[in-house]
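Enquirer: Same order as they appear, the protein sequences are chains U and G.
So the first sequence is numbered by the numbering used here: it starts at 1 and just counts up by one.
So the second sequence is numbered by the numbering used here: it starts at 1 and just counts up by one.
By construction, these hints were calculated from the structure, which means they are not laboratory data.
The hints are all genuine.
With a straight-line cut-off of 30 Å between C-alpha atoms, the simulated DSS-like cross-links for lysine-lysine are:
(1) U/K124 x U/K170
(2) U/K313 x G/K227
(3) U/K313 x U/K170
(4) U/K124 x G/K227
(5) U/K44 x U/K220
(6) U/K127 x G/K227
(7) U/K220 x U/K124
(8) U/K250 x U/K97
(9) U/K313 x U/K97
Since we're looking at a predicted model, the values are computed, not measured.
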Amino acid sequence: MALIDGAYVAHAQGGKGGQRTLTLGAYTTPREAYGSGVIPAFQKFWKENHAQEVRFEESYLGSGAQSRAIVGGFEADVAALSLEPDITRIAEAGLIKRPWKTGPYRGMVSRSIVVIGVRPGNPKGIKDWDDLCRPGIQVLTPNVRTSGGAMWNVAAVFGAALRGGTSAAKGDTAAAVALLGKVLAHVTVMDKGARESMLTFERGIGDAIITYENEVMEAKLAGRAYDYVIPRSTILIENPIAVVDVYAEKHGGLDVADAFVQFVTTPEAQREFAAHGYRPVDEKVAAEFTQKFPAVPDLFTTRDLGDWGQIVKLIFNEGGIYDRALNSSQGKK
Amino acid sequence: MKRTFGAAIAAGPMGLGARVGVVLYLLFLVLIPLAAIVERGFAGGVGGIWHAVVSPMAAHALVLTLWTAALMAVVNAVMGTATAWILVRHPFPGSRFLATLVDLPFAIPTLVAGIMLVTLFGPQTALGGWLTVHGVPIVFATPGIILALLFITMPLVVRAVEPVLIELDPAEEEAAATLGAKPWTTFFRVVLPPILPAVASGTIQCFARAVAEFGSVVVVSGNIPGKTLTAPVYIFGEVEGDRPVVAAAVSVVLLLVAVGLLLATRVLQQQFVRRERA
Numbered sequence: 001m002a003l004i005d006g007a008y009v010a011h012a013q014g015g016k017g018g019q020r021t022l023t024l025g026a027y028t029t030p031r032e033a034y035g036s037g038v039i040p041a042f043q044k045f046w047k048e049n050h051a052q053e054v055r056f057e058e059s060y061l062g063s064g065a066q067s068r069a070i071v072g073g074f075e076a077d078v079a080a081l082s083l084e085p086d087i088t089r090i091a092e093a094g095l096i097k098r099p100w101k102t103g104p105y106r107g108m109v110s111r112s113i114v115v116i117g118v119r120p121g122n123p124k125g126i127k128d129w130d131d132l133c134r135p136g137i138q139v140l141t142p143n144v145r146t147s148g149g150a151m152w153n154v155a156a157v158f159g160a161a162l163r164g165g166t167s168a169a170k171g172d173t174a175a176a177v178a179l180l181g182k183v184l185a186h187v188t189v190m191d192k193g194a195r196e197s198m199l200t201f202e203r204g205i206g207d208a209i210i211t212y213e214n215e216v217m218e219a220k221l222a223g224r225a226y227d228y229v230i231p232r233s234t235i236l237i238e239n240p241i242a243v244v245d246v247y248a249e250k251h252g253g254l255d256v257a258d259a260f261v262q263f264v265t266t267p268e269a270q271r272e273f274a275a276h277g278y279r280p281v282d283e284k285v286a287a288e289f290t291q292k293f294p295a296v297p298d299l300f301t302t303r304d305l306g307d308w309g310q311i312v313k314l315i316f317n318e319g320g321i322y323d324r325a326l327n328s329s330q331g332k333k
Numbered sequence: 001m002k003r004t005f006g007a008a009i010a011a012g013p014m015g016l017g018a019r020v021g022v023v024l025y026l027l028f029l030v031l032i033p034l035a036a037i038v039e040r041g042f043a044g045g046v047g048g049i050w051h052a053v054v055s056p057m058a059a060h061a062l063v064l065t066l067w068t069a070a071l072m073a074v075v076n077a078v079m080g081t082a083t084a085w086i087l088v089r090h091p092f093p094g095s096r097f098l099a100t101l102v103d104l105p106f107a108i109p110t111l112v113a114g115i116m117l118v119t120l121f122g123p124q125t126a127l128g129g130w131l132t133v134h135g136v137p138i139v140f141a142t143p144g145i146i147l148a149l150l151f152i153t154m155p156l157v158v159r160a161v162e163p164v165l166i167e168l169d170p171a172e173e174e175a176a177a178t179l180g181a182k183p184w185t186t187f188f189r190v191v192l193p194p195i196l197p198a199v200a201s202g203t204i205q206c207f208a209r210a211v212a213e214f215g216s217v218v219v220v221s222g223n224i225p226g227k228t229l230t231a232p233v234y235i236f237g238e239v240e241g242d243r244p245v246v247a248a249a250v251s252v253v254l255l256l257v258a259v260g261l262l263l264a265t266r267v268l269q270q271q272f273v274r275r276e277r278a
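Chain G extracted, bound-state conformation (with noise of 0.2 Å):
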C-alpha cells in the first residue's frame, strides 16, 4: 500500500518537487545541526575526542548513562509489550481508559515529571524516608534516574506493539488454545514472533530518548560528578563551563552509539522480513 502511494506521487507531476522538499527538510531540520555538532566536537581531533571521553568524570557519566538506559529499555520492552498485550487481546473494565493514561507521560515537561518523581520518593516522604532508611534510596540515586526514564518513555513501546498486535489475526492464537498450548506457550510461539520487530524498534527508541534525557534526570538524579552525574547532564555543565569542544564530544560519542543501534535495527529488521518472506 505504501509502496504504490509512494509510486504514484514519484510518477506525478509534483514528484520532484515533494522529493526535493522532503529531503531539504530533513537536511534542515536533522542533517545540518547534527553535522554541526560533529564538526564541532572533531574540533580538537580524534585525539580530542579520546582525551574528552576518558576523563574520569566524563567516562563515568557515559557508563551511567549507558546502563541506566539500557536497563531501562530492558524493563520497558517486557512490561510495553505486557502492557500492550493485555490492553488488545484481554480488555477488562476500565482497561479503555487506562489505554489512553498510557500516552500522558509525552504530555508532561520532563521536568515536571522529575519533580512529580522527587515529591512522591524524596527522602521527605513517609514512603521515600523509609526505603533511604532501609537502604534503598529511590531520588537522588541511579533508581530515580531509571523511574524518571521508565515514566518518560513508557508510551513508546506500547505504542509500537499495540497496531500490529491489533492487526494479528487472534485465530492463531485461538488455534493454539484448542490445540492445549498453555497461554505462555502461546504468546512466545505464536504471538512474539510477529511482534518482535515493533518490540525491538520501540526498545531501541526508548533506549536512544533515554540516553538523552535532562529535563528530568536533573532534577531526579542529584548530579554528583563520578557518582550521579548522567551525561547530558555532565555536557550540559560543559556547555556552561565554557567548554564547548568537551560537550560537543561527549554529545558525539553518544551520538554514535544512537546511530549504531539504530542502524542495527534496521538490519535485524531487514533479516527478519526476509526470513518471513521466505
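This is chain U alone, in the form it adopts within the complex (with noise of 0.2 Å):
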C-alpha cells in the first residue's frame, strides 16, 4: 500500500511543470457552460499561474445516475451536479472528507429557476401554475424518480401553493397537494431526464413544460424558438459542486480540483454560466445581467422549505406528497 501510494506521489510531482489531467462528473444540462465556457477559462487560468496543461476528462450523466456512478467507483475528482442530496449521497459514502457547504455560496456554482415553457407568442395565454389546470391543457415535465430536475418542478409547484402564489390557500398543505394533483393529472408525458422532456416538446407535444429557464436560454441560443413564462412563486435552483477528495487525493490531483472549484464562482466563470443562461451566485456579477434574468415576485429556495432532507422525506419519499398528489390526479383531466 504504501509502494502504491508513494507511486501516486511520484506520479503527481512528475506531473508538475508538465500535464495535470482532471475528471469532472457533472449533470446533463451544464455541459455547454462547462464544455465551452467554465473549462476552457480554467485551463488558462491554471496555465498563466503554474505553467501546466490541464486535460479535462468530462462525463455528463443524470444527476442521480451520475451520483451513483461515483459512488459506485467512477472516479472523479469533481462532482458537479443538480441538487444536493446527489452530493450528499457521495459525501455519505465516505469520498467527500472535509466539509463540502463552505465559502459564501455554501458550495453552490450556479442557479436557476422553475419556470414554464410555452408555444411561441404563448397561444394558450399561460401565465401562472394554475394555468396548467385548465382543461384541455397538456404539460409536460420529467419523472421525479429518474430525474433530479423534475425534483425541483415538483418542489416548486408545491412550495408556491403553500405560500400562496396559486388559487390553493396560504399555508394549507391538503389544497397545496391537491393543487399539485390537478397539475399532475394535465402532465401526458414523463420523460426519464430534462433533455428528453425538452426534445418531446420540440417534437410538437404539449401545450406548456415545467422546466428551467437554463434550460429554455440554452435552448434558444441553439436557435430553437419557444417562449417561456416566470410564475408569480418559484423556486431558486441552487446547483452544488464538490470536490470529491478521496478519489482527487488518490489521483494526486487534489490541488487543481480545490482550484477548479474555486475557480467556478469567479466573477469571469460565473459570468460563462451567465452566457449559458444560469443565474449568477455572485451578487455583483448578477447585478450584470439584470436585463436577461428579471426578478421574481415570490422567489424562494428550499430553506424555505426546510432543508433537502426534509424535503425528499416529506415530499419525495414512498407515501409522501408526490405520492399522494400522483394518486389524487388518476382519473381527473
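Grab the two chains, each in its own frame, and use the hints to assemble them into the complex.
Expert: Put into C-alpha cells, the structure is as follows:
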C-alpha cells in the first residue's frame, strides 16, 4: 500500500511542469457551460499561474445516475450535480471527507429558476401554475424517480401553492397537494430526464413544459423557438459542486481540483454560466445581468421548505406528498 | 441428426471439455446474473416482494405490461403465421424482398423504433392528430405500447414458423385441395397442426421479449404512473430513485412469469412430440 501511495505521489510530482488531468463528473444540463465556457477559462488560468496544461475528462449523466456512478467507483475528482442530495450521497459514502458546504455560496456554483416553457407567442395564454390546470392543457415534466430536475419542478409547484402563489389557500397543505395533483393530472408525458422532456416538447407535444430557465435559454441560444413565462411564485434552483477528495487525493490532483472548485465562483466563470442561461451566485455579476434574468415576485429557496433532507422525506419518499398528489390525479383530466 | 452429432462430441476426447465449457458459459452468462437479481429481490424476504408488488403503481405497471404483451403476442401469432405462410407457400413478385425486410426490426435500436412511432403517430402529425381528435390516441397511450412491442418482436413468429413450413411437404396440402377441401380447411386441418409448436414457441418468445422491453416503450408510452407506466420503466425509475430492492422485487415477478411460460411451452411441446410419435 505504501508503495502504491509512493507511486501516486511520484506520478503527481512528475506531472508538475507538464500535464495534469482532472475528471469532472457532472449532470447533463451544464454540458455547454462547462465544455465551451468554464473549462477553457480555467485551463487558461491554470496555465498562466502554474505553467501546466490541465486536461479534462468530462462525463455528463443524469444527476442521480452520476452520483451513483461516483459512489460505485467512477473516480471523478470533482462532482457538479443538480441537487444537494446527490452530493450528500457521495459524502455519506465516505468519498468527500472535508466539509463541502463552505465559502460564501455554501458549495453552490450556479442558480436558475423553475419556469413554464410555452409555444412561441404563448397561444394558450399560460401565465402561472393555475393555468396548467385549465381543461385541455397538456403539460410535460420528467419523472421524479429518474430526474433530479423533476424534483425541482414538483418542489416549485408545491412550494408556490403552499406560499399562496396559486389559487390554493396560503399555508393549506391539503390544498397544495390537491393543486399539485391537478397539475400532474395534466401531464401527458413523463420523460426520464430534463433534456428528453425538452426534446419531446420540441417535437410538438404538449402546450407547456415545466423546466428550468437555463434550459430554455440554452435552447434559444441553439436557435430553437419557444417562449417561457416566470410564475408569480417559483423556486430558486441551486446546483452544488464539490471536490471528491478521496479520488482527487488518490490521483494526486487535489490542488487542481480545489483550484477548479474555487475558480467556478469567480466573476469570470460566473459570467460564462450567465452566458449559458444560469443565474450567477455572485451578486455583483448578477447585477450585470438584471436585463437577462428578470426578478421573480416571490422567489423561494429549499430552505423555505426546510432543507433537502426534509424535502425528500416529506415530498418524495414512498407515500409522501408526491405519491399522494399522483394518486389524487388519477382519473382526473 | 442432432442426437448423433451430440453423441459424437460426448464420445470424443473433447466431450468432457466441451460440456464443462458450455455449462460454465451458461453459468456466467445467464445463471449467475439471474441469481444475483433474485437474491437482491428477496433481500426483504417474500414479504418484501409482496409489499413491492402490491403498491398501486407497481401493480398497475405489472398488469399493464402483462396484458399489452399478451395481446401483442396473440396478434403476432396470427399475423406472423400468416406472413410466414404467404411468404413460403404463395410467393408473389417482390415477396423475397419483403422477406428480407422482416428481420429489420432486430437491426434497429429499439429507442429509434420508438422515436419513429412518435414521429409517425404523434399528436402533431396529420394522422396522429386526426386519431387523437377522434378519441384513439396512439402515442402516449396503450395502443402506442402495443404497436412498439409488435414492431420489435415481429420477426420472432415469422422466423420460427418459416423453416417448419419449408420442411413441410406441400403434397399433403395439394392432396387436401384435390379432395375438395377449402383453403381455410386445408390450413387448419393440414398445415396448422405440424407448425403449432413453432407458432407457440415464437409467440412465447415474443411475450418474454415484450415483457422486458424498455427502449421503445419509454419513448412512446408517456410513462404516467398508474396510467401508461410499464413495469420495465417502473423498474428503471426505482433503480434511479435509490430503491434497488423494490426494482429487483418487481423484476423477480417478471422473471417468474417468463420462466413459468417457458416451462409451460416446454411441457406442451413434449406432449405434442409424444402424441405425434404415438
